[in-house]
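Enquirer: Listed below are the residues making up each chain.
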Amino acid sequence: MNIIYLDENLFLWINGFVGKAPFFDSVIKLIVNEYFVPVSLSLILLYLWFVRPADFAPGKSKEKNQEALLTAAFSIGLVALLIGISNQFIARSRPFEQLPTHLLFYRPTDPSFPSNAAAVGFALATAIFIANRRLGVPAIILATFYAFSRVYAGVHFPLDVIAGALLGVLTTMAISKLVGLIKFSINLARSIQKKLQLELS
Amino acid sequence: MVLDAYILEYFLFTFFGSFGVLQIALAKNSKAKVFFGAVVLIVSYYWFFTSRDRNVHSVVEGSQLFLIFAIEAVSAVIITRIFNLLAKRK
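Here the protein sequences come in this chain order: A and B. Per this note's numbering, the first sequence runs over residues 48 to 248. Per this note's numbering, the second sequence runs over residues 767 to 856.
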């Protein structure tokens, strides 16, 4: 009994619930696509860029909120690169290509491991969490549900989304440490915003 | 150049979503602005996810989706800026 065997059986157990609760299947279909969660988390980052901390989190600086957006942007770029490199060496087949699967999604053709969706979701959620815990906790919960939905819908194994989540979290934490690069980008973005007179408050 | 329907719909969804979020972020003490922003946000989500099945393979890949999001976010900021300037002139 090895980890792949456990992974496949856990997938079959989770995916086996498809069809037993139609309402839950509908919720999963809403969450599992590439739009709902990534856009929602990106909108939270947009909100953090513009909201006045005094209105939302007294004592917090706007700079930290704005760093979150650029941290997320750099993280997603790095995550995409790392997954692209990983796919050259690990080409795991999707669950529906090797096991009897109840599919609630279209059939992606790229490798299953690691999960790009989970990596992106957790990269965004971690960036939000670092800047603001009040929004970060629901963001992490949303990213977790997104990762789970990918297994439930039949497009990833559990290990794929766990690896993707870890990749997203660790990449974002590493990027957030590169303060100098982020601050330079913020100052550049602010000066462009000022020159174009795009300040909204 | 024909703009793919999926790309256009995604652009509109994220544009109005961003516009709604900006109204909420900049509302200060205005409940009317928060309400307006929330309505625009919810309607954009409702329209996008009920207008057609979104669990299909898109012509646009993940990184391209983020690029489109970035472009429309800037567009929403510009439009909001114009609205604010017009409101101040009144």
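Worth flagging that the hints you see were computed from the coordinates, not collected in a lab. These numbers come from a predicted model, not from an experiment. The C-beta atom is built at its ideal place from N, Cα and C for all residues, glycine as well. The reader is advised that the hints may include incorrect statements.
[Unchecked claim] Restricting the straight-line Cα-Cα distance to at most 27 Å, the calculated cross-link-like pairs of lysine-lysine (DSS-like) are:
1) B:Lys794 / A:Lys109
2) B:Lys854 / A:Lys109
3) B:Lys794 / A:Lys111
4) A:Lys242 / B:Lys854
5) A:Lys224 / A:Lys76
[As the list claims (entries may be wrong)] Short, incomplete list of chain A residues facing chain B, as computed with Cβ under 8 Å:
6) Val86
7) Ile123
8) Ile233
9) Leu235
10) Ser238
11) Lys242
Enquirer: Going through the earlier hints one by one, which of them does the structure break, listed in rising order?
Expert: 5, 8, 9, 10, 11
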